[in-house]
Amino acid sequence: MRFLLVEDNAQLARAVCDRFAIDGHAIDHASSLADAIAFVDTTHYDLILLDIMLPDGDGRDFLSRHRRAKNKTPVIVLTARSQVSDRISLLDLGADDYVTKPFDFAELEARCRAVLRRQGGVAQNRIEFAGVVLDSLEATLSAKNGTQNLRNREFRLVEIFFAAPGQIFSKNHLMDRLFSLSDDVSENAIEVYVGRLRKKLDGTGAQIETVRSLGYRLVAKE
Amino acid sequence: MKAIFGTTLITRGSMQRRLVIQLSLIAFLLSLLLFLIVQGVADRAASDTQDNILAASAISIADALYSEGGQVQLELPYSALSMLGTISEDRVFYRVNVDGTTLTGYDDLVVSARSDVSTQAEFSTFSYRGEPVRAVSVTRSVGSQSQRTLVQVVVAQTRLSLAQISYRITLWAVAIGVAFFLVATGLSLWAAHNALAPLNRVASAVTRRGPNDLRPVRAEAPAELAPLVSALNSFIVRLSASLARSEDFIAEAAHRVRTPLATVRTQAEVIHRSLQHSKNKSALREMIRAIDESSRSAGQLLDHAMVNFRADQFQAVDIDLRELVAETVERLSPTAELKDIAISVSDTGEDFAFSADPILLQNALRNVLDNAIKYSPPDSDILVKLFHDSNFHVISFHDQGRGFEGLNLENHFERFKRGSNVGDIVGSGLGLTIVNEVARAHGGHVKITSNKGEGACVSLFLPLA
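Residue numbers (this note's numbering), protein chains in the order written: chain P, 1 to 222; chain X, 1 to 465.
There's no promise every hint is true.
Sample of chain P residues lacking proximity to chain X, with all beta carbon distances greater than 10 Å (derived) [stated by the list, open to error]:
hint: 1; residue: F3
hint: 2; residue: A26
hint: 3; residue: I37
hint: 4; residue: A38
hint: 5; residue: T42
hint: 6; residue: D58
hint: 7; residue: A69
hint: 8; residue: N71
hint: 9; residue: Q119
hint: 10; residue: R126
hint: 11; residue: A163
Pairs of lysine to any residue, SDA-like flavour, derived with a Cα cap of 20 Å [as the list claims (entries may be wrong)]:
hint: 12; chain 1: X; residue 1: K281; chain 2: P; residue 2: V185
hint: 13; chain 1: P; residue 1: K144; chain 2: P; residue 2: F162
hint: 14; chain 1: X; residue 1: K281; chain 2: P; residue 2: S213
Derived from the structure by calculation, the hints contain no laboratory data. All residues carry an ideal CB built from backbone N, CA and C; glycine is no exception.
Please construct the entire structure, taking both the sequences and the accompanying hints into account.
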């Protein structure tokens, strides 16, 4: 997925870009309204993250221009002024959602996902492995023995495994991906979710294998 | 007087008392004048009546005079004297005086008269035989052209009855004066009260307000009070401008604080990913938690200021609570999904139209739901119910979390008060304060119930129509 971040604070922008890169997303950074307009005019983005206070204007102007141009790319506003009335007017102006700074990445991701799901515009929303299809829009796993709904964390776990079959993921890494940093979780919480996932993959061509003292990986059944 | 801002107003005199005293003084002077006028006019009328009768009597005696062979003769018409007797018990004296000798009557009734003939009756008052009398003297010339004699007719009457009449009139005049004074004083009390009524109206319009109500005063005031009311209103405008400035300041401060916090938090997350050592990881988690805590406090303080501000300028529109609840749930469901918490909404299908400030109400709903999510364990359910209870719309949020502990349930509405079982969950202690203030701004209230092991239930009660 390709994101555009419009944010004038260089340090914050760099940190956000780094953070997105960890999860393997491509992200461009525009530090002003003019840059943002230039980027949007030349490249297709799946989602735009927009700061409101910019050096050469108000992010809200960008929003209304964006909507007037019938550009369907969803916009999530990053705002520091969690003012109640601000939020309402942002949504009125055509923002799809907003996140207040400082934001939790897990939450930002969840909101991006929710917005994209509402939009129905994710390019590649089906991943297949060993005869099992993961639909990231519907959050379902389908195999020849049927389709199963996934709860949010289960889904995110499957997504991690399906994105890199055969790769070993440590418990620590999975915890980082699955839980918000402000959640208080123990390592065996991962075991619970892996256990549930195994149940859902039961009878399909795929399985999650424990690699002793290293972690888990997704493999095809022999 | 009521204490204002801790100090007592020093009052100097009462406008109402001063008005009443001044008006009563005027009324007293007017009554005195009225008394004097009534007495004077009545006295005058009484003595005029006596004079007229005296004159009529004297003239009728004079008309009865005739001359016979150079001698003045008189056949005294007794009706002339009885006419005097009809009006009172007073004694009557008379004398007909021909050239200094008494023709008939009392010799010692001497009234100096001009020697010439006059049709005018001349009146005088003097003491006769120890009593004050009123006398009239009429002079006539009697006889033929050649032999004319000047005859003076004097009729006098004591003034006893006049004194009685005068006494009665004085009594009446006093009664009228006193009555006038009483009525005028009563009217002045009423007038003073009425004149000051607009002042009281303005005062009570200001006193009735809540402590946060900064709308301009719109009480009906007469032109004389307009400067006072407009001074008051311009003061209110300045006060709310200064409040708005501090609100802008809070917003700006929040922005300044939150942007670097966002940088730190994001960088911490990036570093957290690259760390392997679990000790370092947990140290970084602590740091992130502290950042969350401070940003949440900043946000809640701002929301709290905003709620107060909007509650002051309360402007209601018609909304459907069902829609508002649905919006709020949709807005927070990504956060809930992160913890695999399912939010289910149910309503009784009744009419949930309500007149509210949607921004305030949504803020309250968001706070309640956000709390429920925060304190719920993963993989749990939150039930949101809309129903009617006697005179209220009720929106209840029931979770399966740890419930409220360690404080009286009511104390959770106080600022910065949190339960004893919050553990390490980030919070500012302002959420329920905001919810409670919003509910009260809409004429409703909040009820929280909590049973150990059954989660908590927070219900918003909003009045039906």
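Status of the hints after comparison with the structure:
{"no.": "1", "hint": "F3", "in the structure": "14 Å, holds"}
{"no.": "2", "hint": "A26", "in the structure": "17 Å, holds"}
{"no.": "3", "hint": "I37", "in the structure": "22 Å, holds"}
{"no.": "4", "hint": "A38", "in the structure": "24 Å, holds"}
{"no.": "5", "hint": "T42", "in the structure": "27 Å, holds"}
{"no.": "6", "hint": "D58", "in the structure": "13 Å, holds"}
{"no.": "7", "hint": "A69", "in the structure": "26 Å, holds"}
{"no.": "8", "hint": "N71", "in the structure": "23 Å, holds"}
{"no.": "9", "hint": "Q119", "in the structure": "14 Å, holds"}
{"no.": "10", "hint": "R126", "in the structure": "21 Å, holds"}
{"no.": "11", "hint": "A163", "in the structure": "16 Å, holds"}
{"no.": "12", "hint": "X:K281 <-> P:V185", "in the structure": "13 Å, holds"}
{"no.": "13", "hint": "P:K144 <-> P:F162", "in the structure": "17 Å, holds"}
{"no.": "14", "hint": "X:K281 <-> P:S213", "in the structure": "19 Å, holds"}
In summary, the structure agrees with every hint in the numbered list given earlier.
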